[in-house]
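**Q** Sequence:
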Amino acid sequence: MACFFRRRIAAKLGRTLQQSEDAFIPALSAVPVFKKQQGADFKLSISTLRISGILPSTGDIQLQTEHLATRLKQDSVVEDISAGCGIINFKVNRKLLVQKMLEPFGKEEDDKFGLNSELFNTLKKGTTLVEYSSPNIAKKFHAGHLRSTIIGNFIANLKQCLGNNVIRMNYLGDWGMQFGLLGAGFAQFGCQEKLKENPLQHLFEVYVQVNKEAEHNEDMKQAARDFFRQLEQHDNEAVSLWQQFREITVDEYQQVYKRLGVHFDVYSGESFHQHQAQEVVQQLQSRDLLKTSEKGTGVVDLSTSGDTSSVCTVLRSDGTTLYITRDLAAAIDRKEKYNFNEMIYVTDKSQANHFRQLFHILLAMGHSWADRCKHVPFGLVRGMKTRKGEVVFLEDVLDEARARMLHNMSQSKTTKEMDNPEDTAEKVGISALIVQDFRGPLQSDYKFDWDRMLQAQGDTGVFLQYTHARLSSLMRRNDGVKAVAFDPSLLLEQTSITILQHLLRYDEVLYQSAQDLQPKHLVNFLLKLCHLIASAHRELPVKGSAQDVAQARLRLFSGACSVLANGMRILGITPVDQM
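Sequential numbering from 468 applies to the sequence shown in my numbering.
Hints in this document: simulated from the structure, not taken from any laboratory.
Hints may be right or wrong, so weigh each one.
[Claimed, not checked] Listed below are the simulated DSSO-like cross-link pairs for lysine-lysine, each with C-alpha atoms no more than 30 Å apart in a straight line:
(1) 852 <-> 762
(2) 1010 <-> 949
(3) 510 <-> 591
(4) 663 <-> 574
(5) 562 <-> 914
(6) 574 <-> 558
(7) 725 <-> 1010
Keep in mind that this is a model prediction, so the values were computed, not measured.
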């Protein structure tokens, strides 16, 4: 694996410059591959060594590079060393590259490939709480919540595979004045029979109706205020109806999450923290952080120079708490309950200021752990439409993705007979949604495009699934040919070497993703791997080859298939074996 070679090169540098070999690990990286181009495997950044103080920070960097390159000697592992522009290139022994990179796949260690790297030693491990998805109850699952759901799932998967204890939390919007409206509306327009037949659709219809009514009917507005007050005072009838709405919603949402392959450890919500929010207000008062504005609201002034945009309202003039007050209470409660080492919130970028204020207030309250809280913002999806028109509900998007994919599969000449084409179409359609979403920076808005998303040959989730299914089929057809031992000297063609050079980067890609929590690094790595595998299918046939050649090639394809499948699972994609 990459760490074997990285460690050997670092040891060589350590001996030459009389430093600890660990000091060189951050300066060494695998060289990205270019098609058909023979090149170095690793490069050493001289500027990184200058910044870290290993080399003098003054003087001509190119002279330093060339001088160090001449001092480094080849050996049985590194067969070529050359100076580039501010970098030193290392080419490792080809037979050893094949042997070391494919070794884990003969020892049933497929799922561990790349995860035991020394690169991850610098990452802090512990308990990570990820809050994501977080839709509002008593409403059908809106398509707008898709991004938070899949991005949060990716972050949780990544953190877990890197050895963290991960708590996946869904913080439901289950409190606030909208439930006053819904409760009052249900009393007038609701029907328990319709609620049983199609729960969220009926609640959605009631909510639309009561909002219309409240626009011109003061009695309805008052009824909504009365119902919410009854809720806050724990009136049995009001609480019972609210609980019914909440349970119905969670049950229906779980069906959507099951389709997406997403699960949660905890379903929390604003309602859990209504009393604790009042305690937060008292703590803010005792620390002299709470001020009263001219309007009579309770505010916390976060500015250092009287900047009004830094004033945060935490209390209405009638003494009731707001969303941020409940978020403060939730954060403090989670720290006490789970003692997390880091907490990550995944929401759209419009909430960036909310989280800045949240973390700032927590720090002002003396909670130093707020420094380990992070907001991962994302942009908007534009133009998400189904054949019926503008999208409102996520189920419609998932249904359409499955239907379109099923149609494409039925039209394709390469589609194989399969046991459950609907299930395959569902998984492939969802992977197409995920890859389209993850290809660029999360903060960017992007335009939704059905046709481009579902292409089998482009850089899409369909291409990932097609490649995995093709490799799985190859393994099944040659089950009797596979062997524990193989001859590395039979995989020295440039096509094989290029795949292995690309796999050298896998741990670096995971490390980069762990640093900035962006899935694009892993997506682009896997798409490149699929293109290299497509070339290898053409140039390294298994069928018709001598048995020892076939065994060696199957080991290469088996290793590539394992890395592809592992990477897809981190992204939240379930690999399919037939397509």
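**Q** State for each hint whether it applies.
**A** So, going through the hints one by one against the coordinates:
no. : hint         : verdict
1   : 852 <-> 762  : violated (43 Å)
2   : 1010 <-> 949 : holds (13 Å)
3   : 510 <-> 591  : holds (26 Å)
4   : 663 <-> 574  : violated (53 Å)
5   : 562 <-> 914  : violated (46 Å)
6   : 574 <-> 558  : holds (26 Å)
7   : 725 <-> 1010 : violated (39 Å)
Consistency note: the structure conflicts with the earlier hints numbered 1, 4, 5, 7.
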